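**Student:** Chains as they are written, first to last, in the working numbering: chain R, 103 to 442; chain U, 103 to 442; chain F, 103 to 442; chain C, 103 to 442; chain W, 103 to 442; chain A, 103 to 442.
By construction, these hints were calculated from the structure, which means they are not laboratory data.
If you're wondering where the values come from, they're calculated on a predicted model, not measured in any experiment.
No copy is singled out in the list; a pair is fine if it fits within one copy or between any two copies.
Distance condition first, Cα-Cα at most 25 Å in a straight line; then the derived BS3-like pairs of lysine-lysine:
| no. | residue 1 | residue 2 |
| --- | --- | --- |
| 1 | Lys118 | Lys202 |
| 2 | Lys429 | Lys273 |
| 3 | Lys202 | Lys429 |
| 4 | Lys334 | Lys308 |
| 5 | Lys318 | Lys369 |
| 6 | Lys433 | Lys272 |
| 7 | Lys272 | Lys243 |
| 8 | Lys104 | Lys171 |
Number of protein chains: 6
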Amino acid sequence: MKVVTYGELMLRLAPKGYLRFLQQPEFEATFGGGEANVAVSLANFGAQAAYVTKLPKNDIADAALRELKGLGVDVDGVARGGERMGIYFVEKGASMRPGKVVYDRAHSAIAEATAADFDWERILDGADWFHFTGITPALNKDVQPDILLGALECARRRGVKVSCDLNFRKKLWDSATAGKVMAKLMPYVDVLIANEEDAYDVFGIKAAGSDVNAGKLDGKGYEDVARQLSQKFGIKTVAITLRESISANDNNWGAMLYEDGKAYFSKRYAVRIVDRVGGGDSFGAGLIYATLSGMDAQSKLEFAVAASALKHTVEGDYNRVTLDEVKALTKGNASGRVQR
Amino acid sequence: MKVVTYGELMLRLAPKGYLRFLQQPEFEATFGGGEANVAVSLANFGAQAAYVTKLPKNDIADAALRELKGLGVDVDGVARGGERMGIYFVEKGASMRPGKVVYDRAHSAIAEATAADFDWERILDGADWFHFTGITPALNKDVQPDILLGALECARRRGVKVSCDLNFRKKLWDSATAGKVMAKLMPYVDVLIANEEDAYDVFGIKAAGSDVNAGKLDGKGYEDVARQLSQKFGIKTVAITLRESISANDNNWGAMLYEDGKAYFSKRYAVRIVDRVGGGDSFGAGLIYATLSGMDAQSKLEFAVAASALKHTVEGDYNRVTLDEVKALTKGNASGRVQR
Amino acid sequence: MKVVTYGELMLRLAPKGYLRFLQQPEFEATFGGGEANVAVSLANFGAQAAYVTKLPKNDIADAALRELKGLGVDVDGVARGGERMGIYFVEKGASMRPGKVVYDRAHSAIAEATAADFDWERILDGADWFHFTGITPALNKDVQPDILLGALECARRRGVKVSCDLNFRKKLWDSATAGKVMAKLMPYVDVLIANEEDAYDVFGIKAAGSDVNAGKLDGKGYEDVARQLSQKFGIKTVAITLRESISANDNNWGAMLYEDGKAYFSKRYAVRIVDRVGGGDSFGAGLIYATLSGMDAQSKLEFAVAASALKHTVEGDYNRVTLDEVKALTKGNASGRVQR
Amino acid sequence: MKVVTYGELMLRLAPKGYLRFLQQPEFEATFGGGEANVAVSLANFGAQAAYVTKLPKNDIADAALRELKGLGVDVDGVARGGERMGIYFVEKGASMRPGKVVYDRAHSAIAEATAADFDWERILDGADWFHFTGITPALNKDVQPDILLGALECARRRGVKVSCDLNFRKKLWDSATAGKVMAKLMPYVDVLIANEEDAYDVFGIKAAGSDVNAGKLDGKGYEDVARQLSQKFGIKTVAITLRESISANDNNWGAMLYEDGKAYFSKRYAVRIVDRVGGGDSFGAGLIYATLSGMDAQSKLEFAVAASALKHTVEGDYNRVTLDEVKALTKGNASGRVQR
Amino acid sequence: MKVVTYGELMLRLAPKGYLRFLQQPEFEATFGGGEANVAVSLANFGAQAAYVTKLPKNDIADAALRELKGLGVDVDGVARGGERMGIYFVEKGASMRPGKVVYDRAHSAIAEATAADFDWERILDGADWFHFTGITPALNKDVQPDILLGALECARRRGVKVSCDLNFRKKLWDSATAGKVMAKLMPYVDVLIANEEDAYDVFGIKAAGSDVNAGKLDGKGYEDVARQLSQKFGIKTVAITLRESISANDNNWGAMLYEDGKAYFSKRYAVRIVDRVGGGDSFGAGLIYATLSGMDAQSKLEFAVAASALKHTVEGDYNRVTLDEVKALTKGNASGRVQR
Amino acid sequence: MKVVTYGELMLRLAPKGYLRFLQQPEFEATFGGGEANVAVSLANFGAQAAYVTKLPKNDIADAALRELKGLGVDVDGVARGGERMGIYFVEKGASMRPGKVVYDRAHSAIAEATAADFDWERILDGADWFHFTGITPALNKDVQPDILLGALECARRRGVKVSCDLNFRKKLWDSATAGKVMAKLMPYVDVLIANEEDAYDVFGIKAAGSDVNAGKLDGKGYEDVARQLSQKFGIKTVAITLRESISANDNNWGAMLYEDGKAYFSKRYAVRIVDRVGGGDSFGAGLIYATLSGMDAQSKLEFAVAASALKHTVEGDYNRVTLDEVKALTKGNASGRVQR
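Can you make the complete structure from the sequences, with help from the hints?
**Tutor:** Quick look at the structure:
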């Protein structure tokens, strides 16, 4: 089971606890990025995970790769060069105060990469799965869509399954551009992942009966959204995560899966949040792992939701949980009792 | 819009997280005090805020002023001299364990200040508003009431509006003394602010139908309290914050405003607390800002409540939130969703 | 009022906050162990508490004793020698992710102690009460049961009351062995303490109508359990703590007491957890203190439950709360309002 | 005494103590930059200091300005806009391991600023002195030299004295370009400051008899360098700092001043380094302050060297020392005895 | 061997590492004070040490006593009451930047204590030695000298030996007052301890040939000082510590002892300083311990100097070294090689 | 260039800075052990490094492996199982206070490993070099010597070069046993490494003219030692590191190499110590790397000494320096100047 993911890896700078930016003169300094997050989750589950990006030649990027290697991710396909590594500053939300992200990712090595940086034939050699997200084309809408098309065509030639997480970022591009670009990539996608807002932001497909800001989501409406996405682009499997945000501390978390014309709904978890960044990525990773493991539709949905519910209890972008921990949760024990 | 506040600034020493005093040999060291907190909030909203106190000439007090200046507060009116700066130690409460404050503020420079330290004519020159609290006269009941009367008479002469937060502190004085002293100051007050206990503690006016320790507050009863305060002292506007304390972590937070004989009730927020110290001060600042901005009664109440609800999510005495953040919350989005 | 407790003291290594093991290269380093926890609680309440264990002669063990002495515990009876001090690594749970304990306590000084290390006649001289738990015999099932029998017989001779907390640890021994060993010790026990799982794990006595992993406990069922324990071993007083684990963050906490054939049920607290390790120990200490203070059955149950509810809000194994704080809570104020 | 400085302000990210980059997942996060450092020093000495730069509109840049304001620097002339704030990562050297700087400053707001961002007539209104360094033109050699020429011509028109610190940075440009650009700016300079390497790196003027890497500097040779600089560009005052680097921990620190054709040499300090970044800037600030205070040549040199020797004992870019502390050192007490 | 010491215990607040006051918003929070420091040293060496002071009834003072008890100091004689606990802020010096102390100790419980607080007959019961310093009378020159006279007369009656450390603090009183007060206490003193400046500051006796600020001390001159002190007050033993302050990081440390008309000089240690506060106190403790152990003059001087040299390597006021560590150093191994 | 090392990996727990054990309740938690340290150094230089040990199956050991993988070390040959992972507590020395190590390594997985845990044929497949130290047989003198003999015979069969660092640990075994055991392993060794004390401690061969505790080492004496070692055991290359310990902060560091009957002496570095643990290991790694790179005798000695001098400036056991950094130092620049 070998999965390749491709996207941007950023230095993540965060104040401690619930402090606001620079309320104290220090940052927790870790790394993350949607596709790297997926790779780490997969490696934690025991899959062979390879991560592809471009990073500058400096000590900060070296540290990023050191951590990925330690977590078991193959980074041999990472191109080195370019001016800088993307950075994002993140402040944890609390109660009714929303979390805040300040991006400093312009001109990153990956945003200025070219097709010549990635030899997809070599990278996808032996791979079973290729994963990308809507963030990557947004980094450089002139170049990245073509790099991705190169990867996707190579994947198709080699019979590599493809998943895409729509992951709309309004600070990176607008809906019109996103819709146009993503539509070109959709035909290559086997499994499409979205959150409760992406389908509308990217393709204008709205879920009836839901109000995201009020934390009220209606499953039926999302079933329609998934069906439309599936039909419009001919995608076999569409999964939508459903986050009801009660506050920055408390969310209800679940998902629906639409596959072969049928909708499945997961158990819904009441989550007390430690760190919600990377929640969607951990869902994607769970879904890929479960699919490659041959689980049935309901089981793979439950596995992906349990994995990503657990992510919300882990600091940092990466989902530092084991296969056993996810399985234990899917078996129904969510009481959080100490094991000793 | 220029507001002057006057009171004590203290060094605040707090254990990290939920640790009890000196469970680890370190303190978070910040600064705060009711009236300084109000000044900082106002500066954050973009108002011109000046803060007046007396501080000793030493490096600790210098640091306190450095922070205020950085936050945009004018400290030109601060007198320097005296023996020491007040200190308070604060331990965060958790669940059914209440927060704990140990005061070490006796003999502070401001407690031993004299009328000669403050030239109110110069200080209030150009000011639109003057704010003080019931803590200041409690610091030195022989001298401070007279200093305050000097300020209040000067304010009246100059047409400067006056607000007062009753802020009863039972560790500083008793109800009988407080009642007598505060009654002398009330005739100068345009806007009176109190919490759910102050009116009773200072003036013996009790809200029927409420039980503070049980976290049950009855709005109607507080409307009566406000009316009595208004009528007794001829105060046009009386605002009362209403905290339902479910536990040290969870409070319901709202307020009522009594103005021109009419009562208004705010939206009530369920607050997961990061730091509740300064909650009342941030309400006062919100009310002053909203009033000077010309909002109507309901709007200014909602602004003040939203501002102070947000304060509960911010570490330290100061309410480090922006005007935009308060406005966004008053528009109804309390879901705490990350913006990116 | 002098109480002697006997058991293992461990170095406790824990990541900061909700971090997983070694997500950052540091550990909070404190000390704890069931019986030491009981001794600290008692000393905090003002009782004379003596703690007995065996520790190696090294700087780490010295630090452990330094802290106990500082907390007012008499450690004159601690034997020194042996190879090592037990260590346990503990990771805080969050939401549906359970807390995790990794034991590194094999070959500790106490696990390899012999009867010659403890002169019970001298240790129990002047004592009113002796407390042990089911952890100690599990440390070395060949030697510790005999050491304990020595202590228990000495206690009986001297008219010292005896309490035992069943405290089953499945990582230390299995139910069959535990049942056999503990049955031999029960005849000496005046007060037996157990949690909602212990009676089943050790003696196979199950509470009808409850599902521990689902966080649903039925009081009636536990009354039966207590009665059976009382009758089977002729124990006058049996107390069972009842933890409903909603998540790793939120538990409902209460207890029942069976005494002289009658069952008492405590108030139930909704607890937001800071650190739940040592929760049961703080209940035991509360019960011992209340009993020696001559409280009636319901009062001592309420005292023990309030003391242990507060423990859940304190970091570390030790229950750093005062007698006044426990009493204030038993009087009904659980609102967590700041006192100032 | 009003001094204006102009240049780049960066977020400075540094590991704690002597750790290498990301050996622990956190950074000390402060701010600094040559010209801001000069402004802070001057404000600490009691001078009126104004700092001009361009910063993006985000929370990180807001924090930077908050700190400068707190330190008493006037930041009203700071332009807001652009994509990002420059960042530099710095690792402290130890013994024979050199300190290390990783720049991430490309595409910063100031590097992409235009002449329209700065209204020099307004900025220099009332100023006595203007200070810049060789770092600024290196940030954007197409635009910054012209912006600087605009400032310099304005300064000349208004009779504002000008100082320049050569500050060659080989990671930003090469010697040939630097020499060409700086030669165009020199005719406006009244006081030129350089370190022991700059004159050679920028203008190819080498000090005979010295070996920088061996930590051996010959004063006579630098007198020649200063004379050549003075004569070549018609600069009245040339100051050269002389750092003998014994190791990353121990440096000898002194300077020479060449004024009106005469050379002065300072006392030489053996410095145990806490943080050497900003050492040269604190020298420049000391020289400007001393000159505006009307000290004679030897005195102003000694003041500047004492101020900058002290900087080496202060963490961060900014020289957090007072006028009194510098004066005490110039009077000869370098014994570091505690005052109590 | 039982020693009683009497004086003020303060909360000590210090920035981390070499940071200046409040450069980061936190303080290391420990405790210390000359006479408590002596008691802790003695307890570490295995002596019975009792410490007497007055402290307010609050959580901060409780923590101070907790630490002393943990370190083995008997605090049963500590009076409780009064308004506050003294505080001192201390900033570590570095290189030529001197350490800095800001006192906030006015109005402390001990400064406002009365004779009634201390029952010397009970306190000195069974004691072999009583130790005080010149700081205590300086705290309240109206009351403390009398309290001390009470203690000293009681000591004389009981045959308890008395040592005094002159410990002049110019921030607490002036030389004239100090001289007058201390002269009254000297007749009771058996062992007088002073540093290289005290004899001059208190009694105007200057050591010829030395220049303290230049870090040059002449042993011969101090022999004269000791002789004069001995003769003037009839004191058998006078010890003077000799600190040559090369910088805030590097000191040479030694001492001389004058006993029965003969002078002894110790080995001189080149000390790289970790924390020099409490250096003199650890010397005093070493001298008391060595004297009570019956060492000869040269040996007790060497023991005291080795103990206090080691103190300079320990963070905080207290000298956390063992008897074995001091003895190993007196045997000549100062190479600092790791033992493993 | 593939090197295999074999030995124990421990969790390393150290107080921050110069604090003594548990002066604050936390530990820096990293990993290290002589042979792992060598592997990490080699991987940093770009060599293929494989590390072999046995570790229990738990989260702590997982973290240790994660870090090694991140640093590029192949850990595929690590056996999993056993009871526990060795731990060592280390306290940094300062000035004349020596560093202190408390071992808690008894009963570790590797100490209780058996020959069956390691398949040397597979492990050494493709290897050029095998490295072990005298610590490993000391862990279990009944079993480890035989495991090592198995490895050494396999190495001989395969033509793999062998290096051994004598690394005597008096806390693990005595000289007599060490001498006997190591003598059996010496015949397989191609390169023998020792420090200034090992040859005497293990084989009783003393260097004339040196006094280790006084920090005085005589090169000539060590040449004799090396010659005797070489002749006695027929070892071609013997290297001895020469540490002159002036204090715990300052050491002189150099080495001598005896090869083919000729002695070479390195440059000597004056080292200001950050962390000296692992200094000898980094020398060994440097020597192995330089030898495999084909350097001549003097060059490889200088490389190894420069690499290990740099180690003293790096926190933790591992030598986090690059090949470029070592080469730059060997070229003579030890001035520690910042590069920017």
